[in-house]
Amino acid sequence: MITFDKTTKTYEGGVTAVDGVDFTVEKGNIVVLLGPSGCGKTTLLRMVNRLETISDGKITIDGEDSMSLDQIALRRKIGYVIQSNGLFPNMTIEENVMIVPDLLGWKKKEKRERFNKLMEMIGLSGEKFGKRYPHELSGGQQQRIGVIRALAADPPVMLMDEPFGALDPIIREKIQDEFLQIQREVKKTILFVSHDIDEAIKMADKIVLLRGGEVMQYDTPSEMLVRPKNEFVREFFGKDRAIKSLSLHTINDLQEVIGLANMDETISDTITINVNHDLRNTLSMLLNQEADQVIVIDDEGNKLGAITIDIVQKYLHFEIKAKPTLVQKG
Amino acid sequence: MNKKKVMSRVVSFLVYGIVAVFFIWAISNSYFNYIFSQSSTFLYLLKQHMQLVLVSSLLAVGVALPVGILVTRRSFRRAEWIVSNTVNLGQTIPSLAVLALMISILGIGFKTAVFALFIYSLLPMYRNTVAGIDSIDENLIDAARGMGMKPIQILFRIELPNASYSILAGIRTAVVLNIGTAALAYVVGGGGLGVWIFTGIQLFDNGYLISGAIPVTLLAIFVDYLLRLLERKIVPKGSKPPQET
Chain A
1 MITFDKTTKT
11 YEGGVTAVDG
21 VDFTVEKGNI
31 VVLLGPSGCG
41 KTTLLRMVNR
51 LETISDGKIT
61 IDGEDSMSLD
71 QIALRRKIGY
81 VIQSNGLFPN
91 MTIEENVMIV
101 PDLLGWKKKE
111 KRERFNKLME
121 MIGLSGEKFG
131 KRYPHELSGG
141 QQQRIGVIRA
151 LAADPPVMLM
161 DEPFGALDPI
171 IREKIQDEFL
181 QIQREVKKTI
191 LFVSHDIDEA
201 IKMADKIVLL
211 RGGEVMQYDT
221 PSEMLVRPKN
231 EFVREFFGKD
241 RAIKSLSLHT
251 INDLQEVIGL
261 ANMDETISDT
271 ITINVNHDLR
281 NTLSMLLNQE
291 ADQVIVIDDE
301 GNKLGAITID
311 IVQKYLHFEI
321 KAKPTLVQKG
Chain B
1 MNKKKVMSRV
11 VSFLVYGIVA
21 VFFIWAISNS
31 YFNYIFSQSS
41 TFLYLLKQHM
51 QLVLVSSLLA
61 VGVALPVGIL
71 VTRRSFRRAE
81 WIVSNTVNLG
91 QTIPSLAVLA
101 LMISILGIGF
111 KTAVFALFIY
121 SLLPMYRNTV
131 AGIDSIDENL
141 IDAARGMGMK
151 PIQILFRIEL
161 PNASYSILAG
171 IRTAVVLNIG
181 TAALAYVVGG
191 GGLGVWIFTG
201 IQLFDNGYLI
211 SGAIPVTLLA
221 IFVDYLLRLL
231 ERKIVPKGSK
241 PPQET
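Chains as they are written, first to last, in the working numbering: chain A, 1 to 330; chain B, 1 to 245.
Simulated from the structure, these hints should not be mistaken for laboratory data. All values derive from a computational prediction rather than experimental measurement. The reader is advised that the hints may include incorrect statements.
[To be verified] Simulated pairs of lysine to aspartate or glutamate, DMTMM-like, Cα-Cα distance not exceeding 20 Å: (1) Lys150/B - Asp102/A; (2) Lys150/B - Glu52/A; (3) Lys27/A - Glu12/A; (4) Lys229/A - Asp240/A.
Just chain B, same shape as in the assembly (with noise of 0.2 Å):
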């Protein structure tokens, strides 16, 4: 065995270890006993956290996808830097304040939760999608042409398969990190499990604190879970980078 391979088995030890540890001394706290006895309440805000991923992620693959293919076609190359400039802006405004401007537009409540998640989630889907179809080799696009293979047919038989690691990559990191930026829904009166976190924070209470956060994370594992068994399914297998280890 490595040096390399001997560091990695310690590192997820301790991280087990340390996950082991926080689970023995929540549940000998009996902090997770909301999930149990408020069950219904409990499912009630999973439902709404899942809700607010799910709607404002496919919005978001549905605006993203097309733009990044769209500036990606020659003739509408010279948009590609007002289009990436308008999106990396949207990404820099800090989350609250996102939230805050568009309680003043759409009010409160789920709509502005799920536009804000929206507005989150389209740099890195529309950037992902940009890059893997700008990472193909020019030649091939060549070899296609000289083929006589039409432009749509370059798109979804050579471009889009290619791409679709980077572009797959994109959307799960999106999704991910959605799912735990969903948990501040509540401040905009989206609801979500960020109501019990907040709760929790608010009362003192590390039951709710713990009962809301920890559903958060697992939601996020199992997901990015999900979407990786989905890439591997999806992407071509020439089209892979490199095994990593």
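Just chain A, with the same shape it has in the complex (with noise of 0.2 Å):
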């Protein structure tokens, strides 16, 4: 857990960068702090791990002012993931990831056995690639690596500036993939920079929306979507933020609240989607009319109904009109 308390930066000469921001990011959560650039949101981060100085407030980390904490054993008990991976060139794969434990003084068997369980977890072998210089790893490979690497020495606690910002995207979207599976398995709690919205949607449990370096708005995506607190988070989030929220939903919320519709048993010319698919995706689908029906499937094959543009919008329209809460995700 990572609460900020009124956590000021002011920097020589009297710029504000970060003005006394309130908020608490929930163990095991994902919290991206997102805003245009400038907003002080990168500087937020660093002030967890206290790469800035806190000027004025503080910053608690599991209950702990981050300001009593030795700052060395401070860093080395958060990850730390940046945009341009910041892998050492002059190490080997399996130096640069058991950098921490080793810092903490890890023995080598331990180091080994760690080093194998994390790359296992991003499907990359570590037999193959441990004695392999960063250079000869493609960028999406270098920042899996630079996320297991924050991970090695099993920190409760994370800080991820723009981690992906430089992929391209479909690697970009792979990877947050994965890393929303891994996430699911170590549980960690979780500051995330971003400035791509619809990255922060997809790997937020709550979104802090940050401008000049205030806080205008702190809630869940869906939320932030569909009930902006202000003309800012609005804009922000743009005219099509009623199509963004639909990538919060899958088919199985939508069947769950309104159903699907009825198949047609005479179209011969169907295409299958799985009940897991998310709204977003399916309507981009439904628009390209591949094909005259789309039948929704579940894991096992079986057919469960059809989906038709109406039927989303009509979930699209009760989600926003008569529900106060959207369905959270995950």
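From these two lone chains plus the hints, build me the complex, please.
Quick look at the structure:
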């Protein structure tokens, strides 16, 4: 758990980068710091592991004031991932990943076991990649290594500064999914900086939207999309925020609330879609009109019903108008 | 075979050819005779020459590296331009002038020669140390700090290994230049193979000249080769610049 208590950062010369920020990152949650550039999101993140000093207020980590801890010890307890992966070119992949355990004085055997386990998590062979150097890996692989390096000593808290920002869209999406998969397993308390709205919606349990160092809104992604607190939030998420909010729901959610349409057995031109598919992708698939009928199937391949644009629209309308809070993902 | 390759073959063939012709000419005129007829003097001068180079180079490494590391520390950054300019100044004074100046302070002899060579070696070593450390991606240092590495760990585990290629290249340049410049030590009574070279010039005796000059050249080539081997050993595989062919 990370708690920000009137946390403020003022630079020499009086520029305030972070202004009295108050919020709590619950244990096991991903909170995304989102906002335009210069809004203070990276500064705020770096204040947690004290790469930036705290001018006023405080930050507590699992109940302990971060200022009361030794700076070096504090940092070793916090995983840190940066955009440009930050892998050290002079070290092999294994040495890179095992830096913090090494600093903490782990034994050789423990390190080797941990390394292989971490590599398994991201689907790479520890045997094959351990002795290689960072420059011999692709950008996506390097970033994955950067992520598991932060996980190496199993820190309770992780800071991620636009970790997937430098990757191409296809790889980025893949690594995001992979990371969410890992997170379901390791359940870290994560503070995540992003400037990408779609990424924030996808990754966040809650989003902190910042402007000029101040918190504009702290809410779940769906709440923020459906019920923006002020004009800035509304504009930031854009006119298509209703469509964006669809990515937070699966066909399953829709089925539970309003049900699916009946299948028309006479239509032969059909395609199928898994019930766990998110509604945003489903909608774009429907709009593409690849087939005359889209049939929803479950994991076993049983046909559950058909889905149409009308139903998606109905669901969206229902969710926004009728329910105070949208179904949360996860 | 592409054009570039053909060119480089031709050039190296020409160079080897010229060298071979030179050696045939020198040997046929028995210009190397002094090396054998006065072998004890030759070995003495060679040893002196190597001592000049070794002592001055070691001193320069001992000063340039720590200073280079120091000025790249955050708290000493402001001192960088002062140090850089001072070192640059040392390089711009003509070598003979440095030697002459030093005579008035240290007198003539080995010490003066070593000091002058030391001043000359500082700049390439210092500059490459600073450039090597400066060229390290700021994000790496940030990542290292964020993971809880102490400044001294960052220096020895991140900065120096990644700057080692540049630092060693600076040392190699300085030492190789030093071997040539050490021939001037004769002027201040510092000895070395310069003794034969200058004797050769003064007496118009090609034998002395070549018996002095060729060993200096060979020494420089040999030391350059040795230091390259050392580089290959020391520089981490991942920190090497893209392979040059």
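Q.
Run the distance test for Lys150/B versus Glu52/A: straight-line Cα separation, threshold 20 Å.
A. 16 Å, holds
Q) Within a Cα-Cα threshold of 20 Å, do Lys229/A and Asp240/A meet the stated pairing? A) 17 Å, holds
Q) Can the restraint linking Lys27/A and Glu12/A be considered satisfied, given a maximum Cα separation of 20 Å? A) 34 Å, violated
Q. For the pair supplied as a hint, Lys150/B and Asp102/A, is the alpha-carbon distance within the 20 Å limit?
A. 13 Å, holds
Checked against the numbered hints listed earlier, the structure breaks hint 3 alone; every other hint is satisfied.
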